[in-house]
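Dock chain E against chain G, hints included.
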Amino acid sequence: MELRLAGLHHRYDEVEVLRGIDLTIPAGRIVCIVGPSGCGKSTLLRLIGGLERPSEGVVLQIGDTPTASLNPLTYIFQDFALLPWRTVEGNVRLGLEDHALGQDETERIVADVLARTKLSEFRTALPRQLSGGMKQRVAIARALAVSPAFLLMDEPLSALDAQTRELLMDDLIELWERERFSAVYVTHNLAEAVRLGHKVVVLSRRPGVIREVVEIDIALAERATHGPELEAHQSRLWQSMRDEAQAAEMELVDG
Amino acid sequence: MTSGSPNPVPFRGGGFKPKPIGMVGPIVFVAVVALWEVGSRTGFIPALVLPAPSEVFEALRNLVETGLLWKHLGASLQRLILGWTIGTLLGVAVGFSIGLFSLARAGLGPMVAAIFPIPKIALLPLFVIWFGIDEGSKVATILFGTFFPTVVATYGGIDNVDRNLIRMGQSFGLTWLSIVRKIILPGALPAILTGFRISTAIAIVLLVAAEMIAAEFGVGAYILLAGSLMATDELVAGVAILSVIGLTVSWLIGRAERFLLRWRT
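Chains as they are written, first to last, in this note's numbering: chain G, 1104 to 1358; chain E, 374 to 638.
The set of hints was computed from the structure by calculation and includes no laboratory data.
Note that the structure is predicted; figures quoted are calculated from it, not measured.
Watch out, some of these pointers could steer you wrong.
Unchecked claim - Quick look at which bits of chain G chain E covers, simulated, 3 or more residues with Cβ under 8 Å:
id, stretch
1, 1175-1184
2, 1187-1200
Stated by the list, open to error - Residues from chain E that face chain G, not an exhaustive set, calculated with beta carbons under 7 Å:
id, residue
3, F504
4, N537
5, L538
6, T638
We treat Cβ as the ideally placed atom computed from N, Cα and C, and that holds for glycine.
Next up, chain G with everything else stripped away, as it sits in the complex:
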């Protein structure tokens, strides 16, 4: 299954947020969306997953959704969005509860994703007991539990400190090597984009249009050893964004 965005326009009242977005997101790849703050990256992600209705244009699913997938388009949020009154296990269970899977099957899935995200021993912990990195791992486990066809990640590492971010980025790469999931990864961090993206889409400042699409042909697992090439990609991306970012910085938030 792949996703195609065709002619997406979006505006909030008078403010035009996104303009003429055409993009194909292929299966089994990670597409990173970068852009200056307030360029509509997160709005675009909400449009892709159907949490918001575009003013114009459509998001199309091409090909069948995998039958095993309980929730084909699954989000991972910047602020984790864990239910504070539920344990790790309870949070992971949340997405499964409306699917009448039966107790054994639910238990099997929960145990499996907790093992895959190395959270098995924290099953009964409450979110307030966990560090930021652990919370995001719980959110990842919750997303994996519903076997998504696409992961829609909204700045998943931005609320974390630099060290945790490195660790979690390695985890994500390892996970992708194993599962080959498809993902849209929104970030303002170019280093993350060139480490994780097969394709990096650069949005302009508001109204967001696609300025550039950069393909990075280095296997994710090998990127750690290709420092200079990634650096080059990163600084080129920064060059193309720099002026926009500066201009966006000077804008009033409420337009």
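Using the frame of chain G, we list chain E on its own:
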């Protein structure tokens, strides 16, 4: 400082964090009662102004021995529990509909805002006409008094539920009912329980006020009678009973909070 000799940096932090100190509370309480007793015995406090604690205690013992305590307390608790429970159930239900549905919010919101600030005691004469001078009007007063703060606390709590959590629920394809039950209800619960603290306090105030009109039994009736007979010892005994009721209710809500909100820091 200018001479360059090393000085320790003065400590400027700390404070602004009252710590619990055990036993101080009870000691202050006992000391005040003891002083009061001494004042009464020496005649510094005239008996007509304030009875001695020992006399109040005597009045309480008398209440227990004659079995009147249970009659008064039973009548009061029955009204309190009945009025508060029904008022709370209706209040939570209406609060949820205002919190969840635009039509209910547009229709009932202004109505609640208009009636909420009315002291319900002012409506008591009307309730006597509507529901009769017996139990009906007393329960109705308490019911009305608890209903409105519960409505306001409930929909305020729902409004404050983290929108990101609701969006998360939608992104996992949860049903509407699941989102209400698993995200909105637990998210609004802290505010609802705070509302219970307010509504129980209001309920006790209204209980006493309602019992001062044509009640044979009840703590309020007991206090009113004692007052008109200038029996200040009985009056203070009645007030002490009210204090105990209030403390017990507040303790119960504290337990409920600790159990239901144990996920909070």
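Status of each hint after checking the structure:
no.	hint	verdict
1	1175-1184	holds (count 6)
2	1187-1200	holds (count 6)
3	F504	violated, 40 Å
4	N537	holds, 5 Å
5	L538	holds, 6 Å
6	T638	holds, 5 Å
Of the numbered hints given earlier, the model fails hint 3 alone.
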